[in-house]
Amino acid sequence: MGSRQITEKSLAMLRSLPRLSLGNIRDNPGSRKNIKRGRGQHGGDKHGAGNKGSGQRQNYMRLGYETGNNPFYLRMPHEHYYKGHHHRRQYPPISLLEIQKLIDTNRLDITKPIDIASIVRSGLYNFFPDQKHFGIHLTDEGMDIFSAKVNIEVQWASEQVIAAIEKNGGVITTAYYDPHSLILLKNPKSFFQTGQAIPRRMIPPPDVIEYYTSAEMRGYLADPEKISEERLRLSQKYGYQLPILESDKNYNMLCERKDPRQIFYGLEPGWVINLRDKCILKPKDEELLQFYAS
Amino acid sequence: MATVWRSQCAFARFFVGKTGRILNNAADLGIKLTPESISVSTTRSYSNYSHSPLVKKIKEQYDFEIEKNPPEWAYVERLLPLEIIPPVQPKETYPSGWIPPKEEAKDLPYFMPRTKNHELPIYLVITHKGQRKVSMLRKIEGDIWLMNDLIKEHLQKNFNRYIETRVHELGRFIEVKGDFVNSLREWAYSKGF
Chain R
1 MGSRQITEKS LAMLRSLPRL SLGNIRDNPG SRKNIKRGRG QHGGDKHGAG NKGSGQRQNY
61 MRLGYETGNN PFYLRMPHEH YYKGHHHRRQ YPPISLLEIQ KLIDTNRLDI TKPIDIASIV
121 RSGLYNFFPD QKHFGIHLTD EGMDIFSAKV NIEVQWASEQ VIAAIEKNGG VITTAYYDPH
181 SLILLKNPKS FFQTGQAIPR RMIPPPDVIE YYTSAEMRGY LADPEKISEE RLRLSQKYGY
241 QLPILESDKN YNMLCERKDP RQIFYGLEPG WVINLRDKCI LKPKDEELLQ FYAS
Chain S
1 MATVWRSQCA FARFFVGKTG RILNNAADLG IKLTPESISV STTRSYSNYS HSPLVKKIKE
61 QYDFEIEKNP PEWAYVERLL PLEIIPPVQP KETYPSGWIP PKEEAKDLPY FMPRTKNHEL
121 PIYLVITHKG QRKVSMLRKI EGDIWLMNDL IKEHLQKNFN RYIETRVHEL GRFIEVKGDF
181 VNSLREWAYS KGF
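Protein chains in written order, with full-length UniProt numbering: chain R, 1 to 294; chain S, 1 to 193.
By construction, these hints were calculated from the structure, which means they are not laboratory data. A hint or two may mislead.
As the list claims (entries may be wrong) - Here are some of the chain S residues that sit facing chain R, going by a computed Cβ distance under 8 Å: (1) Glu-65; (2) Glu-67; (3) Asn-69; (4) Arg-78; (5) Pro-81; (6) Leu-82; (7) Pro-95; (8) Pro-101; (9) Tyr-110.
Yeah, the Cβ is synthetic: ideal placement off N, Cα and C, and Gly gets one too.
Same shape as in the complex, but just chain R:
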């Protein structure tokens, strides 16, 4: 019998066999472990627990304990600047260079205001609100090449970053979002699908109120007149001609800001978004309106 015939025959055999399904497959070898504790030659004696001590008795020492030695973690004096590190807010960085790259590769639309939702939507930035991440820190890498006119909203920015954006005729705002709002901003679709009403954004905690009300940092709670003064002051400091916003053809887009209680652009707190029927439910009840306006 030639090899061709063997192939034909085995293929014919295979065709007559039942289809592979969950009902006729076997587990991978070694995937099931015998939970019985063997005796004697079948894994008896010490049963894999070793000879004497913690292994056999499961009285494992606490972490860092060195059986009476002065433990390593207590040997040097404490470092107070790490105190409360697990409570501090973190702002995962994204640089101006990366933002420019997102714009160049059409991941970000600069004809619309950019916020954390649109940056996460690009798929190349991620953050985890449950791990004390409170939004974007816009860093200064690539500030010399940055040349897009944008209306951007970030959570933390330095002076030179603000200057780099305003030099190109753009606008930057620093805004605070509470973790719950950030969860919604990270994945708006899954939130809309739950059918819940959009909540209000919370006000910043006391230690950052100063940052978000300062015009130098372009805080979202700052006085707009003071911000325009600061824009001029910064342009004089860094030595560039400040483009006039009012004469810009995208003036309306550049002036678009969120309400301090608003999470998404154009969508007010209290609204329910129905993705399937493409409709928006707006509350009419006076009590609700008052609640969401406060």
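Starting from the structure of chain R, add chain S where the hints point.
Relative to the frame of chain R, chain S by itself:
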């Protein structure tokens, strides 16, 4: 599987003719029960909470205005995730330093396509706690051996030393011993990839 079904049928046997007893349990011989079909008779005295009828409809407490296709829907669409990675629209300049692939690269006997994120598939692989650095060129199509020779020549000219490479023809990648990612990127851009 068979054993599982038999046991479920055995369970259902208790409820034959007594469908009122099965509340949310729909494992009743393939018939899907709705709450209406198994509503508890009203003559029962409710000594136990489990005997009371199911809640049928929760009354809506607040009044809502329902708007179909409102003008604000554009703001919702802006938030929905991208279906595909958007193709790059040609521009005059790319300030970020990103370079678009050129058409003439397709005429070469070897080819390296961009990744789905429009980047070059050239990576630095660091292993052995940073002791071993290997530059990896992936997704190579066409004459991989010719490409290997050219890369070797280019790097030898730039760095003035022997460059060790490894070609995996089936896996379609070339590994270059050492960190030459930037130089290799420059070479790939010069070829138009």
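Going through the hints against the structure:
Taking 8 Å as the C-beta cut-off, the interface hint given for Glu-65 (chain S) holds, the closest approach to chain R being about 5 Å. Interface hint status for Glu-67 (chain S): upheld, as the beta-carbon distance to the closest one in chain R is roughly 5 Å, under 8 Å. Among the interface hints, the one on Asn-69 (chain S) holds; its C-beta lies about 6 Å from the nearest C-beta in chain R, closer than the 8 Å criterion. A distance limit of 8 Å between C-beta atoms decides the matter here; for Arg-78 (chain S) the minimum to chain R is near 6 Å, and the interface restraint holds.
Satisfaction of the interface hint for Pro-81 (chain S) is found here, the shortest Cβ-Cβ separation to chain R being roughly 6 Å, below the 8 Å cut-off. At its closest, the beta carbon of Leu-82 (chain S) sits 6 Å from a beta carbon of chain R; the interface hint therefore holds under the 8 Å criterion. Here the hint on Pro-95 (chain S) is kept, as its CB sits about 5 Å from the closest CB of chain R, short of 8 Å. At about 12 Å, the closest approach between the beta carbon of Pro-101 (chain S) and any beta carbon in chain R exceeds 8 Å, and the interface hint on this residue is violated.
The restraint placing Tyr-110 (chain S) at the interface with chain R is violated, with a minimum CB-CB distance near 25 Å, outside the 8 Å limit.
The structure is inconsistent with the numbered hints 8 and 9, although it conforms to all the rest.
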